[in-house]
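Just so you know, we're using our numbering here: the sequence shown kicks off at 1 and counts up by one.
FYI, nobody ran anything at the bench for these hints, they're computed from the structure.
All of these numbers come straight from a predicted model, not from anything done at the bench.
Virtual Cβ for every residue (Gly too), placed ideally from N, Cα, C.
Any given hint might turn out to be false.
SDA-like cross-link-like pairs, simulated, lysine to any residue; straight-line CA separation at most 20 angstroms [what the hints assert, rightly or not]:
1. LYS66 <-> ASN56
2. LYS66 <-> ARG90
3. LYS227 <-> PRO243
4. LYS27 <-> ALA307
5. LYS227 <-> PRO40
6. LYS27 <-> ARG17
7. LYS66 <-> ALA154
8. LYS66 <-> ALA157
9. LYS27 <-> PHE48
10. LYS27 <-> GLY296
11. LYS227 <-> PRO36
12. LYS227 <-> ARG45
13. LYS27 <-> ALA306
14. LYS227 <-> PRO237
15. LYS227 <-> ALA44
16. LYS66 <-> ARG122
17. LYS27 <-> ALA44
18. LYS227 <-> THR209
19. LYS66 <-> PRO91
20. LYS227 <-> THR38
21. LYS27 <-> GLN47
22. LYS66 <-> ALA119
23. LYS227 <-> PRO139
24. LYS66 <-> PHE129
25. LYS227 <-> LEU239
26. LYS227 <-> ALA210
27. LYS227 <-> MET214
28. LYS227 <-> THR208
29. LYS227 <-> ALA34
The calculated label-pair distances, taken between Cβ atoms and stated as ranges, are [as the list claims (entries may be wrong)]:
30. ALA284 <-> SER189: 20 to 28 angstroms
31. THR12 <-> ASP252: 30 to 38 angstroms
32. ASP236 <-> PRO78: 28 to 36 angstroms
33. ALA254 <-> ALA140: 19 to 27 angstroms
34. GLU188 <-> PRO237: 20 to 28 angstroms
35. ARG25 <-> PRO237: 35 to 43 angstroms
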Amino acid sequence: MTGRAGSTAGRTPEPTRQMGALIERLKAEDEGLADPFTLPHDQARAQFERSNSRWNVELPEMAAAKDITLSDGSQIGPITATLRIPFEPRPGFILYLHGGGWMFGSPHTHERAIRFLAASCRMAVIAPFYRRAPEAPFPAGLEDCKAAWGAAFAAAAAHGIDAGPGGISGDSAGANLAMATMLGALRESTPLPDFALLFYGVYSADFTTASYCMPDPPYGLTTARMKGYWDRYAPDPALRGDPLAAPLNASDEALSALPPLYLNAAELDPLRDDTLGLHERLRALGRHDVCHLHRGVVHGFMQMTAALEEARTAFALAADWLDTAGHSSNHGRKR
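When you get a sec, could you build the whole thing from the sequences and use the hints?
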């Protein structure tokens with residue numbers, strides 16, 4: 001069940017019937033897996049990759065699917081990325097930043113989701129690799145994402161993508177990095193994306209919200225695990241006051257200057273109120289950004305398009321917003 005964002009007070013969230021059945025399947029498949037925080041980083045990442053491979057089945061066909069190099073002349077050097085171009089694409093592209101708690105994941109773990117985004121929005125999707133914590137804590141991964149954004153227009157043109165709007169997107173920690181990339185562009189007076197699609201993002205390190213304080217969801221991300229991710233991404237609590245780490249700390253002026261945003265949240269997710277809180281701030285500033293609360297689903301549900309109808313609905317709603325907002329058919333800002 002999907003709805004516009006609203007109050008969740010006074011009710012105990014429960015999984016939808018389809019989500020509940022899928023949770024039972026996932027619990028059985030994951031029985032015996034080690035806590036990733038107890039494993040060496042390479043082993044933990046390999047486990048994450050194996051677990052996520054179950055979603056990368058029946059991949060939507062693409063007109064082009066290749067690896068590319070983004071190069072912007074920065075000190076960081078070239079950044080590798082995947083490029084997925086749907087059939088009959090519209091002009092422009094979306095830069096997609098994968099989730100995984102800033103520690104795990106890659107464009108490969110999100111392969112089906114990236115293709116689904118490309119097919120739903122009928123736009124090319126560029127998904128860069130970025131450095132991950134704890135070996136590369138804040139702001140290393142963000143610097144890679146900023147460099148990828150700075151190089152994306154030239155890369156799109158080099159690979160035959162028609163000139164058009166450039167958007168940014170991401171899920172979970174990737175949505176955090178997408179917001180931080182935009183806030184960084186404002187701080188540095190560099191070009192902003194034309195729009196953003198942000199899925200169940202991390203926007204604050206405030207663990208006292210109602211969604212962080214509700215009982216752990218029946219599967220997936222928990223408050224304890226989210227604290228562990230923060231401890232590895234921004235181990236110095238003082239860093240978490242920086243809006244580039246926790247975007248809900250951004251000023252009203254900065255939030256007002258962002259391009260149009262599409263937000264969503266999962267109801268059974270400790271991060272739910274990060275998104276709802278961000279949406280409330282945007283509304284208070286007189287903005288008209290859209291936020292959808294997907295009820296009865298857990299964090300990361302958009303990875304599950306092969307098995308979960310609500311995941312497919314989530315991509316369709318984001319694509320519908322893009323059509324309605326008009327950003328998929330205009331020519332973007334002059335660069």
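Checked hints:
Between the alpha carbons of LYS66 and ASN56 the distance comes to roughly 16 angstroms, so the proposed pair stays at or under 20 angstroms and holds. With a C-alpha separation of about 18 angstroms, the suggested pairing of LYS66 with ARG90 holds against the 20 angstroms cut-off. A threshold of 20 angstroms between alpha carbons decides the hint, and for LYS227 with PRO243 the separation of about 18 angstroms falls inside it, so the pair holds. Proximity of LYS27 to ALA307 is assessed by CA-CA distance (about 15 angstroms); at most 20 angstroms being required, the pair is judged to hold.
Proximity of LYS227 to PRO40 is assessed by CA-CA distance (about 18 angstroms); at most 20 angstroms being required, the pair is judged to hold. A hinted pair counts as satisfied when its Cα atoms are at most 20 angstroms apart, and LYS27 with ARG17 qualifies at roughly 16 angstroms. Simply put, LYS66 and ALA154 have alpha-carbon atoms about 16 angstroms apart, close enough for the 20 angstroms limit, and the pair holds. A threshold of 20 angstroms between alpha carbons decides the hint, and for LYS66 with ALA157 the separation of about 15 angstroms falls inside it, so the pair holds.
At roughly 15 angstroms between alpha-carbon atoms, LYS27 and PHE48 fall within 20 angstroms of each other, so this suggested pair holds. For the hint linking LYS27 to GLY296, the alpha-carbon distance of about 17 angstroms falls within 20 angstroms, and the restraint holds. The suggested pairing of LYS227 with PRO36 holds, with an alpha-carbon distance near 14 angstroms, which does not exceed 20 angstroms. Distance check on the hinted pair: LYS227 and ARG45 sit about 18 angstroms apart at the alpha-carbon level, within 20 angstroms; holds.
In summary, the hint linking LYS27 to ALA306 is supported, as the alpha carbons are separated by about 17 angstroms, within the 20 angstroms threshold. A distance of roughly 11 angstroms separates the Cα atoms of LYS227 and PRO237; the hinted pair therefore holds under the 20 angstroms criterion. Between the alpha carbons of LYS227 and ALA44 the distance comes to roughly 17 angstroms, so the proposed pair stays at or under 20 angstroms and holds. For the suggested pair LYS66 and ARG122, the alpha carbons sit about 17 angstroms apart, so the restraint of at most 20 angstroms is met.
Between LYS27 and ALA44 the CA atoms are separated by roughly 18 angstroms; this keeps the pair inside 20 angstroms, and the hint holds. For the given pair, LYS227 sits about 13 angstroms from THR209 by alpha-carbon distance, which is consistent with the 20 angstroms threshold. With a C-alpha separation of about 18 angstroms, the suggested pair LYS66 and PRO91 falls inside the 20 angstroms cut-off, and the hint holds. Pair hint LYS227 plus THR38 holds up; C-alpha atoms about 15 angstroms apart against a cutoff of 20 angstroms.
Among the hinted pairs, LYS27 with GLN47 is consistent with the structure: their alpha-carbon atoms are about 15 angstroms apart, no more than 20 angstroms. Restraint check for LYS66 and ALA119: the C-alpha separation of about 16 angstroms stays at or below 20 angstroms, so the hint holds. The straight-line distance between the Cα atoms of LYS227 and PRO139 is roughly 18 angstroms, inside the 20 angstroms bound, and the hint therefore holds. Taken as a hint, the LYS66 and PHE129 pair is honoured in the structure, with Cα atoms around 14 angstroms apart against an allowance of 20 angstroms.
For the given pair, LYS227 sits about 14 angstroms from LEU239 by alpha-carbon distance, which is consistent with the 20 angstroms threshold. A threshold of 20 angstroms between alpha carbons decides the hint, and for LYS227 with ALA210 the separation of about 15 angstroms falls inside it, so the pair holds. Annotation: proposed proximity of LYS227 to MET214 holds, straight-line Cα distance about 15 angstroms (limit 20 angstroms). Restraint check for LYS227 and THR208: the C-alpha separation of about 12 angstroms stays at or below 20 angstroms, so the hint holds.
At roughly 18 angstroms between alpha-carbon atoms, LYS227 and ALA34 fall within 20 angstroms of each other, so this suggested pair holds. Between ALA284 and SER189 the beta carbons are some 26 angstroms apart, a value that agrees with the proposed interval 20 to 28 angstroms. Remark: the range hint 30 to 38 angstroms for THR12 to ASP252 is upheld by a beta-carbon distance near 34 angstroms. Between ASP236 and PRO78 the beta carbon distance is about 30 angstroms. The supplied range of 28 to 36 angstroms therefore holds.
For the hinted restraint 19 to 27 angstroms between ALA254 and ALA140, the CB-CB distance of approximately 22 angstroms keeps it satisfied. At roughly 25 angstroms, the beta-carbon separation of GLU188 and PRO237 lies within the given 20 to 28 angstroms, and the hint holds. At about 38 angstroms, the beta-carbon gap between ARG25 and PRO237 stays in the expected band of 35 to 43 angstroms.
Violated hints are absent here; each numbered hint is respected by the structure.
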